[in-house]
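*Asks:* With these hints in hand, go ahead and build the complete structure from the sequences.
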Amino acid sequence: PFKRYVEIGRVALVNYGKDYGKLVVIVDVVDQNRALVDAPDTVRSQMNFKRLTLTDIKIDINRVPKKKTLIDAMEKADVKNKWENSSWGRKLIVQKRRASLNDFDRFKLMLAKIKVSRSFIYFSILHHFHAMFS
Amino acid sequence: MAAKRKTPVKSRNPDLIRGVGKYSRSKMYHKRGLWAIKAKNGGVFPRHDPKPKAPAAAEKPPKFYPAEDVKKPLLNKRKPKPTKLRASITPGTVLILLAGRFMGKRVVFLKQLPSGLLLVTGPFKINGVPLRRVNQSYVIATSTKVDLSGVNVEKFDDKYFAKEVDKKKKKSEGEFFEAEKEDKKKLPEDKKEDQKSVDASLIKSIEGVPELKAYLAARFSLKSGMKPHELVF
Numbered sequence: 001p002f003k004r005y006v007e008i009g010r011v012a013l014v015n016y017g018k019d020y021g022k023l024v025v026i027v028d029v030v031d032q033n034r035a036l037v038d039a040p041d042t043v044r045s046q047m048n049f050k051r052l053t054l055t056d057i058k059i060d061i062n063r064v065p066k067k068k069t070l071i072d073a074m075e076k077a078d079v080k081n082k083w084e085n086s087s088w089g090r091k092l093i094v095q096k097r098r099a100s101l102n103d104f105d106r107f108k109l110m111l112a113k114i115k116v117s118r119s120f121i122y123f124s125i126l127h128h129f130h131a132m133f134s
Numbered sequence: 001m002a003a004k005r006k007t008p009v010k011s012r013n014p015d016l017i018r019g020v021g022k023y024s025r026s027k028m029y030h031k032r033g034l035w036a037i038k039a040k041n042g043g044v045f046p047r048h049d050p051k052p053k054a055p056a057a058a059e060k061p062p063k064f065y066p067a068e069d070v071k072k073p074l075l076n077k078r079k080p081k082p083t084k085l086r087a088s089i090t091p092g093t094v095l096i097l098l099a100g101r102f103m104g105k106r107v108v109f110l111k112q113l114p115s116g117l118l119l120v121t122g123p124f125k126i127n128g129v130p131l132r133r134v135n136q137s138y139v140i141a142t143s144t145k146v147d148l149s150g151v152n153v154e155k156f157d158d159k160y161f162a163k164e165v166d167k168k169k170k171k172s173e174g175e176f177f178e179a180e181k182e183d184k185k186k187l188p189e190d191k192k193e194d195q196k197s198v199d200a201s202l203i204k205s206i207e208g209v210p211e212l213k214a215y216l217a218a219r220f221s222l223k224s225g226m227k228p229h230e231l232v233f
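Chains as they are written, first to last, in UniProt numbering: chain C, 1 to 134; chain V, 1 to 233.
A few of these clues could be false.
Claimed, not checked - Okay, the calculated beta carbon distance ranges per label pair:
id, chain 1, residue 1, chain 2, residue 2, range
1, C, M132, V, G128, 40 to 46 Å
2, V, D147, C, V116, 26 to 32 Å
3, V, V209, C, R98, 18 to 24 Å
4, V, G100, C, H130, 50 to 56 Å
5, V, V209, C, Q95, 26 to 32 Å
Unchecked claim - Derived DSS-like pairs (lysine-lysine); straight-line CA-CA distance at most 27 Å:
id, chain 1, residue 1, chain 2, residue 2
6, C, K18, C, K68
7, C, K115, V, K213
8, C, K96, V, K204
9, V, K125, C, K108
10, V, K10, V, K31
11, V, K213, C, K108
12, V, K204, C, K115
13, V, K10, C, K96
14, C, K113, V, K213
15, C, K115, V, K223
16, C, K115, V, K10
17, V, K227, C, K108
Because the hints were derived from the structure by calculation, they are not lab data.
C-beta: ideal position from N, C-alpha, C; glycine also.
*Replies:* If you want it as C-alpha cells, here you go:
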C-alpha cells in the first residue's frame with residue numbers, strides 16, 4: 001500500500017515554511033514526528049514530517065553523513081537531473097515560470113496560444129472538408 | 001554693498017569645537033586684513049553713507065480697522081519638491097493606466113514634470129493616448145522598457161498643459177434666452193506637431209521589438225483567476 005518510506009537517504013520536498021519548495025534529504029529520524037534533514041545549500045536541521053512531502057528519489061548514505069559525503073552521494077545518484085526530469089519536478093518548474101511571467105510575456109503567451117488554436121481549427125476544418133468530399 | 005568676491009569666503013576661523021574658534025579677536029582682525037583697509041582709507045574705516053532713498057508714495061489711511069488686533073501669520077518660504085518617483089518607473093517604462101478615460105491602456109513614460117506628475121504618451125498612433133499628464137498613484141509600472149534615445153522631451157512642462165483661459169463675454173438680455181452656442185475646441189496645430197515629433201522616433205524603437213506594438217495597442221484587464229498581488233508586472 002505504501003511505496004515511499006521515510007528512510008535515511010529519502011529525498012523530500014519542503015512544503016511549508018522558510019524553505020518552501022526546496023529538496024532536502026532525510027539524514028536521521030529524531031522521533032515519531034521529526035526528522036533531521038540536510039541539503040547541499042542549507043544547514044542541517046530538524047523538520048516535522050508534516051512539512052515534508054516524500055519523493056520517489058532515494059540516495060545511498062549512512063546515518064548523518066558529513067556535508068561533503070552527502071553532496072557526493074547526491075551527485076552520484078544524480079538527484080537534480082532525476083528531479084528535473086520527473087513529471088512532478090517538471091510541473092513545479094512550469095509553475096515557477098508561469099508565476100514569474102511579465103505582463104508583456106503574458107501578452108505574448110496569449111498571442112501564441114491563439115496562433116496554435118487557429119492553426120488547429122484551420123487544420124481540422126481542412127480535414128473535415130477532405131473527409132466530406134472523399 | 002561693497003563689491004562681492006567671485007566665490008564667498010569660507011570662514012577664516014576654523015572651529016576647534018562648536019562655538020570656539022581657533023583664533024582670537026585680535027588675530028582675526030589681522031587675518032581679515034582690516035588694518036590694510038584702514039591704511040588704504042587713511043587711518044579710518046571707510047564709511048558708506050546710505051544712498052538717498054526715493055520718496056515713498058503717500059500711504060492712504062486704510063478703509064477698515066479690525067476690532068481686535070489681527071496676528072500676522074508666520075512667513076512660509078517652503079518650496080515643494082516633485083513627488084518621489086517609484087524606483088520601478090524610469091524613462092521608457094511601459095505603464096498601465098488605472099483610471100480615467102484611458103483606463104487599462106498601456107502607455108510609455110517619458111519624464112516626470114516639476115509638479116510631480118508623469119508625462120506619458122501612447123504613442124498616439126498606436127493606442128490613441130496623446131501626450132498627457134498622469135499621477136503616479138494611478139499607474140502600474142511594468143518591467144517592460146522602451147528605448148527613448150531619439151526622443152526629446154525638454155520643452156514639455158506643466159505650463160504646456162495649462163487650460164486656455166477664455167475671456168468672459170458679457171451676455172445681454174436677448175442672448176440669455178438663446179441656446180448657448182458651443183463651438184468645439186479644436187486642438188492647436190502646434191500641439192499636433194509636438195505629438196508627431198515625439199512619437200516618430202518612439203514608434204521606430206517600438207517596431208524594433210516584436211509584438212510590442214500590438215501589446216501597447218491592447219488594453220489591460222483582469223481576467224478570471226488573475227490575482228493582482230501575485231502577478232509580476
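*Asks:* Of the numbered hints stated previously, which ones are contradicted by the structure, given in increasing order?
*Replies:* The structure breaks hints 8, 13, 16; every other hint is satisfied.
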